[in-house]
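Enquirer: Sequences and hints are given; from them, build the entire structure.
Quick note, the sequences are listed as chains X and U, same order.
Residues in the first sequence are numbered consecutively from 968, following our numbering.
Residues in the second sequence are numbered consecutively from 1024, following our numbering.
Hints were generated in silico from the structure; no laboratory data involved.
Since the model is a prediction, treat every value here as computed from it, not as a measurement.
One should not assume that every hint holds.
BS3-like, lysine-lysine: derived pairs with alpha carbons at most 25 Å apart [said to hold, decoys possible]: (1) U:Lys1217 / U:Lys1238; (2) U:Lys1076 / X:Lys1079; (3) X:Lys1348 / X:Lys1219; (4) U:Lys1229 / U:Lys1217; (5) X:Lys1291 / X:Lys1262; (6) X:Lys1079 / X:Lys1245; (7) X:Lys1384 / X:Lys1350; (8) X:Lys1462 / X:Lys1195; (9) X:Lys1291 / U:Lys1229; (10) U:Lys1194 / U:Lys1217; (11) U:Lys1076 / X:Lys1370; (12) X:Lys1079 / U:Lys1194.
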Amino acid sequence: MYVRKHPQKKHCNGQKCATWYFPVSSCWCGKQSSRHHACILLGKVAVRSRDQACDIKGGGETTWDSIGKNEGAAGFHCAVCGCVREGDLPGLLKIGLFSGFCRDQVLRITAKDEGQLALLKELAGMEHLELDVWREPTDLSTPVDIRVPNIHLQTVKAFLEAEDIQYYIMIEDLQVMLDEEQEQMLKAARTAAPRTTDDFDYSNYHTIDQIYAFQDMLVAENPSLVSKVVIGQSYERRPLTVLKFSTGGTNKPGIWIDTGIHSREWVTQASGTWFAKKIVTDYGRDTALTSILNKMDIFLEVMTNPDGFAYTQTSNRMWRKTRKPNPGSSCVGTDPNRNWDAGFGGPGASSSPCSETYRGPSAHSESEVKSIVDFVTSHGKLKSFVSIHSYSQMLLYPYGYTKTPCKDQNELHNLAKKAITDLASLYGTSYRYGSIINTIYQASGGTIDWTYNQGIKYSYTFELRDTGRYGFILPANQIIPTARETWLALMAIMKHTSDNTM
Amino acid sequence: METGELNPNYYPARRAAAVVQHYLNTRYGSPYRWMFLGNVHNASSEDVTEGRKYQLELTIQEMISNVSGPCSAELLFPGAGTPQVQASCDWLLPNNTRAQEEAFYQQHRDSHNLVSGDRIPDSYGHMEPTMKPFWHLGGVASSFIMLEQSNQSTLYNMAQVANFTQLETEKDQLRFQYHVLLHEMVSQEIIHWKMLITWSPAEGVKVLQTDLQPKCNCEDPPDSIN
Chain X
968 MYVRKHPQKK HCNGQKCATW YFPVSSCWCG KQSSRHHACI LLGKVAVRSR DQACDIKGGG
1028 ETTWDSIGKN EGAAGFHCAV CGCVREGDLP GLLKIGLFSG FCRDQVLRIT AKDEGQLALL
1088 KELAGMEHLE LDVWREPTDL STPVDIRVPN IHLQTVKAFL EAEDIQYYIM IEDLQVMLDE
1148 EQEQMLKAAR TAAPRTTDDF DYSNYHTIDQ IYAFQDMLVA ENPSLVSKVV IGQSYERRPL
1208 TVLKFSTGGT NKPGIWIDTG IHSREWVTQA SGTWFAKKIV TDYGRDTALT SILNKMDIFL
1268 EVMTNPDGFA YTQTSNRMWR KTRKPNPGSS CVGTDPNRNW DAGFGGPGAS SSPCSETYRG
1328 PSAHSESEVK SIVDFVTSHG KLKSFVSIHS YSQMLLYPYG YTKTPCKDQN ELHNLAKKAI
1388 TDLASLYGTS YRYGSIINTI YQASGGTIDW TYNQGIKYSY TFELRDTGRY GFILPANQII
1448 PTARETWLAL MAIMKHTSDN TM
Chain U
1024 METGELNPNY YPARRAAAVV QHYLNTRYGS PYRWMFLGNV HNASSEDVTE GRKYQLELTI
1084 QEMISNVSGP CSAELLFPGA GTPQVQASCD WLLPNNTRAQ EEAFYQQHRD SHNLVSGDRI
1144 PDSYGHMEPT MKPFWHLGGV ASSFIMLEQS NQSTLYNMAQ VANFTQLETE KDQLRFQYHV
1204 LLHEMVSQEI IHWKMLITWS PAEGVKVLQT DLQPKCNCED PPDSIN
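Expert: Pasting the structure below:
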């Protein structure tokens, strides 16, 4: 989760926030709304337009008080501590009238002995200070994070300094930080899962279940264009699902795209979901894509290594391989991009199970690989195969296992040049291109070397953004730009494939 | 190994150029100055008695100010040991970051406000704005290790700052303990290093101690933000 959650106290000044969610501690900043004001009553808040009175039902004996209607200037106003209903929250934040964390700070405090730890626990218990503990004082090795309302900052800091308790200001102005993350937070506040693929948040990373659900939704929404093909099971028995985009007919030639074969390369699975949506959106609207689909089917496997992907989410963000144990070794997993039967056993892969480039006990030993092999073989008419990785910003063609140029080198090289030129046209992102062995390194047992040797001429591997600054942990706000620019390169490849297929 | 002119887009030139990037970070890097490799324009190499020598013309990008400029460099990969680099990038003058560096230095100099952080960036590529300079500093400090560890069969990047802790300021230098994850592209390994580093605007980044961590075939602790 990318948003720092608001402290979710379930009560405010002794009153429980039942359906009223989200306690706010009293102050708001600045912006005057010319059109709205907030009505408050003993901890409840509602937004009304300025020409409306605050006579809201259910107020009890006490009248609703209006904040902001008559205020002349923007600035601080401290109201009562309130619980805010989840549904009102976006509106309140949007009008800028009601925020609640202005100039509050979050302090990270490190106790150096038991005595200080006890003092901190005492401090946290002092109700009049309205402290909001984000991370509890437990033991000496873990720092304590506490949100301190602006009005009590001086008191708290003076206390800490007098007791010589080390702290630093982790968040200088919580409201500023929240404003920055506001959109993310609003999305998180609407906790319901997306009901349609139009609601799906393409600009964020998702869990395995969310992506499986997305695939099912896409099929349900586009039954005449999209179907789901289960090509096998992962080691941990997760379904290996492929989305088939087809305008019907039998025995049509096909194009294959896979993402996520290396699980830590998160921008690839995220881009895969975007590509899936793009195809259904553009079919019937974009001439080039429509004509490709009229002639050929597109197969898209978004989570090519679901076990690895699950592991990156629960245990190790940097996991690359499959999750199949290796007998006789404590090391788990095989590199699925060294497990193909092309130069298998040669230099460019490791024979050690503990290595990130372990080739596996034998070619196609991994079910994640074998499923694709079987699919490709039985399909028999794939004309293009694109396997997507990150990072480095490169477009690569065979071979990785040998320096011998592949026989279609010239054509593949020229097509790669066109593809990356189209890619760059969107945001200026610069890609290098060439054969795997020249451009990046020698690698044996690689996917596209095998697919090329099966006769699938337009076999390419992408390495998406970036070039090392963020590497595998690319910020979510780069997902859509990456997917959009990569799509242009994919279209170039698919168009050329289609134009050169009978 | 090819000798003479190299294709600037292929890996031999790129690996050599990455070493120049690491070198420049050790010389000029700071919490507000962190260099990355742009394009390689020209490259050539030849065998010499001491090892293999490269000549490079490349573009370097300074990430924070977003300024790029040309550099020329000569680098020697000896038979064993640290590559030796000479580089000139006339445009990399240490003036424009002075104010930010001073402010940052003053802010963190007093030891009653010791900073720490972990998972920078987090799994989603996110970090608190106040953590950014510590990310840059981790990257620059990692360059010392990456420079030392580089050879013609490696390509290093810092993948993540696993954690860092500020220690007491000593001799006017800010001091930190860092645990970083380096990504080595050819082996695809994630390599853990701990380091003790110092920094001040006057002295720049210095790495006092480095400690290679054993490869752990185990789980990370769960994400603290969820």
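Enquirer: Now tell me, hint by hint, if it's right for this structure.
Expert: The hints, checked one at a time:
1. U:Lys1217 / U:Lys1238: holds (13 Å)
2. U:Lys1076 / X:Lys1079: violated (52 Å)
3. X:Lys1348 / X:Lys1219: holds (7 Å)
4. U:Lys1229 / U:Lys1217: Cα-Cα ~14 Å, so holds.
5. X:Lys1291 / X:Lys1262: violated (39 Å)
6. X:Lys1079 / X:Lys1245: violated (55 Å)
7. X:Lys1384 / X:Lys1350: holds (19 Å)
8. X:Lys1462 / X:Lys1195: Satisfied, since the Cα-Cα distance of roughly 24 Å is no more than 25 Å.
9. X:Lys1291 / U:Lys1229: The hint is violated at about 42 Å.
10. U:Lys1194 / U:Lys1217: Holds, at about 22 Å.
11. U:Lys1076 / X:Lys1370: holds (24 Å)
12. X:Lys1079 / U:Lys1194: holds (23 Å)
Checked against the numbered hints above, the structure breaks hints 2, 5, 6 and 9 and satisfies the rest.
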